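Build the full structure now, drawing on both the sequences and the hints.
Residue numbers (the UniProt record's numbering): 1 to 603.
There's no promise every hint is true.
Derived Cβ-Cβ restraints for the label pairs, each shown as a range [as the list claims (entries may be wrong)]:
{"hint": "1", "residue 1": "S328", "residue 2": "G559", "range": "34 to 42 Å"}
{"hint": "2", "residue 1": "E145", "residue 2": "I435", "range": "23 to 31 Å"}
{"hint": "3", "residue 1": "Q137", "residue 2": "N591", "range": "48 to 56 Å"}
Straight-line distance between alpha carbons at most 27 Å, and here's what the computed DSS-like set of lysine-lysine pairs gives [said to hold, decoys possible]:
{"hint": "4", "residue 1": "K18", "residue 2": "K101"}
{"hint": "5", "residue 1": "K582", "residue 2": "K467"}
{"hint": "6", "residue 1": "K56", "residue 2": "K582"}
{"hint": "7", "residue 1": "K251", "residue 2": "K264"}
{"hint": "8", "residue 1": "K474", "residue 2": "K56"}
{"hint": "9", "residue 1": "K387", "residue 2": "K371"}
{"hint": "10", "residue 1": "K172", "residue 2": "K259"}
No lab work stands behind these hints: they were computed from the structure. In this text the structure is predicted, and so the values were computed from the model without any measurement. Glycine residues also receive a C-beta, built at the ideal position from the N, C-alpha and C atoms.
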Amino acid sequence: MHMSDIWGYRLAERPTAKSYRPSHRAAVHGSTLNDVSYMTTLEVTGGFSDITTVLKQCCDLGGVGPWAARYTSGTRICQTHIYDTGAWPRGLIGPATVFWKPDAGSISKPTTRVLWIRIHPATLQDTLSSLKSALEQIPEEGRPEITELSGDINAFELVGPRTSQVIHGALKLTNPRPEVRQFWKSLANARSSGNFASGMIVGLMVHDPRLSYPPTNSQVDESHSPPETMFITPDPKLAQSEIWEQAVRDKLRTPTYKKGQLDKRRSENLVPGTQLRPTANDDKIPLLLIQHTISHSQAPLTTTSDSSQALYGWTIILPPSWSMPFLSSLTHTGTRVVGLSARHHQRLETKSPHFPNDFVGCSAYKDVVTKQAETERAKWERTPKGKRINYEALGVTRPWASDWYSLVGGFPPTMDTTMEDLVPTDRGPIPSSSIKPWLFLFPDMDQLVRDLASNSEESLIETFVTKLNSQRTKRGLPIMDTEAVTELFSAALVVVHVDMHGRGNPQDRAILYGCESDEVVASWKAAVESSNNEVAASPFKDLPVLGYVTSGGFSLQLGRGHGIAVVSFKGLIDMSKRSQGKVLVRVRNLNGAVAPLGSVTVV
Numbered sequence: 001m002h003m004s005d006i007w008g009y010r011l012a013e014r015p016t017a018k019s020y021r022p023s024h025r026a027a028v029h030g031s032t033l034n035d036v037s038y039m040t041t042l043e044v045t046g047g048f049s050d051i052t053t054v055l056k057q058c059c060d061l062g063g064v065g066p067w068a069a070r071y072t073s074g075t076r077i078c079q080t081h082i083y084d085t086g087a088w089p090r091g092l093i094g095p096a097t098v099f100w101k102p103d104a105g106s107i108s109k110p111t112t113r114v115l116w117i118r119i120h121p122a123t124l125q126d127t128l129s130s131l132k133s134a135l136e137q138i139p140e141e142g143r144p145e146i147t148e149l150s151g152d153i154n155a156f157e158l159v160g161p162r163t164s165q166v167i168h169g170a171l172k173l174t175n176p177r178p179e180v181r182q183f184w185k186s187l188a189n190a191r192s193s194g195n196f197a198s199g200m201i202v203g204l205m206v207h208d209p210r211l212s213y214p215p216t217n218s219q220v221d222e223s224h225s226p227p228e229t230m231f232i233t234p235d236p237k238l239a240q241s242e243i244w245e246q247a248v249r250d251k252l253r254t255p256t257y258k259k260g261q262l263d264k265r266r267s268e269n270l271v272p273g274t275q276l277r278p279t280a281n282d283d284k285i286p287l288l289l290i291q292h293t294i295s296h297s298q299a300p301l302t303t304t305s306d307s308s309q310a311l312y313g314w315t316i317i318l319p320p321s322w323s324m325p326f327l328s329s330l331t332h333t334g335t336r337v338v339g340l341s342a343r344h345h346q347r348l349e350t351k352s353p354h355f356p357n358d359f360v361g362c363s364a365y366k367d368v369v370t371k372q373a374e375t376e377r378a379k380w381e382r383t384p385k386g387k388r389i390n391y392e393a394l395g396v397t398r399p400w401a402s403d404w405y406s407l408v409g410g411f412p413p414t415m416d417t418t419m420e421d422l423v424p425t426d427r428g429p430i431p432s433s434s435i436k437p438w439l440f441l442f443p444d445m446d447q448l449v450r451d452l453a454s455n456s457e458e459s460l461i462e463t464f465v466t467k468l469n470s471q472r473t474k475r476g477l478p479i480m481d482t483e484a485v486t487e488l489f490s491a492a493l494v495v496v497h498v499d500m501h502g503r504g505n506p507q508d509r510a511i512l513y514g515c516e517s518d519e520v521v522a523s524w525k526a527a528v529e530s531s532n533n534e535v536a537a538s539p540f541k542d543l544p545v546l547g548y549v550t551s552g553g554f555s556l557q558l559g560r561g562h563g564i565a566v567v568s569f570k571g572l573i574d575m576s577k578r579s580q581g582k583v584l585v586r587v588r589n590l591n592g593a594v595a596p597l598g599s600v601t602v603v
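Take a look at the structure:
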């Protein structure tokens, strides 16, 4: 593995062997494994009402939050986003996975509840600051406690249709409960983890996987009748696990037997190669099995030639120091081990944003972009002038990082001194030092854009104010005045995915151009219908910049160029008004002089 020092860890970036296409095939047809133990887990303990009050101050208010009844039972995970305290829709910190410890009692009783929040390590300090700020609004006698579980939780992320058979073959249950036994039987015959409820949590107790090494994958039994492979519904009893207990995790921090001791026991078997029988002294490991789905929010229920296929898998939550014993068994039967690069590619193939690369405005995004810009700029300066890209001749003023401030009419905090003497060729609004771009996330963004595009200029802001304040008042937050919302509207950015029409492969930081006249839109539509490539070579200097590609490449699923981009919210609404349907743009890579046509769709 090629390793990378990032976020305070040394993480696997990609295998040393060529693995771009093999890793994709494994995710679509087989199984892949990625060690995600670097993700940080925060434990929140306190009264149910106090915890929900904190969550409503810090979590995404646009959709169903972790305080909803479907999540508080502890049977499902909630995919949400963390914000600065009371700052929604602005102040995005990053995505988070929230799930409760199952509780058989009624959630209305003032009992102590436990909640886990799994976040990216780059967002740890900002998330803690936001949660602590929300905690200060609660009286001290009932204030929940936050504990960082770094080093206490290990995790594997498995993706692919064969992951269920891999897990069933590698792990052996210890005296399973009736509901767990029924799930285990269904797991062996599941065609994909997508057969189970999205975000479903299952608590298991398994033997040391080294006792049954080497494992064999389970095979789907075609003779089973439908009742034996019935759909398993989330259940609080099924989600129970001892891994929630600190004392249990501390006891399992060091395995009882080392590998050499187990090998010695195995050599004493009368029949060589037979598996060891578990004894009373062998470790029994509690874990959580969480179903996860990789897809974008607007993904259709059925897959067509123009839509991306969702990827399904399982996330295994383990006690500390048990990653290596489980890794050997999970990868022995052909599961492909991947790194950060393949994980990013899986999100790109399913048209879903990847953190932090596609979350513009977050501090984690700024850190990654700054490091990447320094690396690419140093490489460019080392290259001889006759062999490197002449950005000055191409009219690119900021080749190392996208100019988000100019996109919304603001001044960037620092200027690129290498290219500062160049004259910008793209038209844009007059810069203002008070405008700062921010990423706007909303559950039904596509419908919101259509609603705002159908309004007149006068009523557009009023409709936007109503949409935001309706969500804030539901969660007990003060309403925002029209002046503040107007400023937010002008500086808002939204995530879209870009599909190319015909040839073209968008690269990172590619520029998206819009237009300002109905005649240009009509000519673009005519070019798409007639498959005319003359538009790609036409001038684009006078076209306004709509946004930039944050993650781009060739889609192996779609068979054409594709990318995740971030565009101006205001510009997208203007383009939607002119297009009256599919929004067409021109996509120009930084090293190219042509801008072929593509279309953008809200994620």
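Hints, verified against the model:
Between S328 and G559 the beta carbon distance is about 37 Å. The supplied range of 34 to 42 Å therefore holds. For E145 and I435, the hinted distance range of 23 to 31 Å is not satisfied, since their beta carbons lie about 39 Å from each other. One distance hint, 48 to 56 Å for the beta-carbon pair Q137 and N591, holds here, with the actual separation near 51 Å. About 42 Å separates the Cα atoms of K18 and K101, which puts this hinted pair outside 27 Å; it is violated.
About 24 Å separates the Cα atoms of K582 and K467, which keeps this hinted pair within 27 Å; it holds. A hinted pair counts as satisfied when its Cα atoms are at most 27 Å apart, and K56 with K582 does not qualify at roughly 36 Å. Distance hint between K251 and K264 is fulfilled; the C-alpha atoms sit about 24 Å from each other, no more than 27 Å. At roughly 10 Å between alpha-carbon atoms, K474 and K56 fall within 27 Å of each other, so this suggested pair holds.
A distance of roughly 23 Å separates the Cα atoms of K387 and K371; the hinted pair therefore holds under the 27 Å criterion. About 18 Å separates the Cα atoms of K172 and K259, which keeps this hinted pair within 27 Å; it holds.
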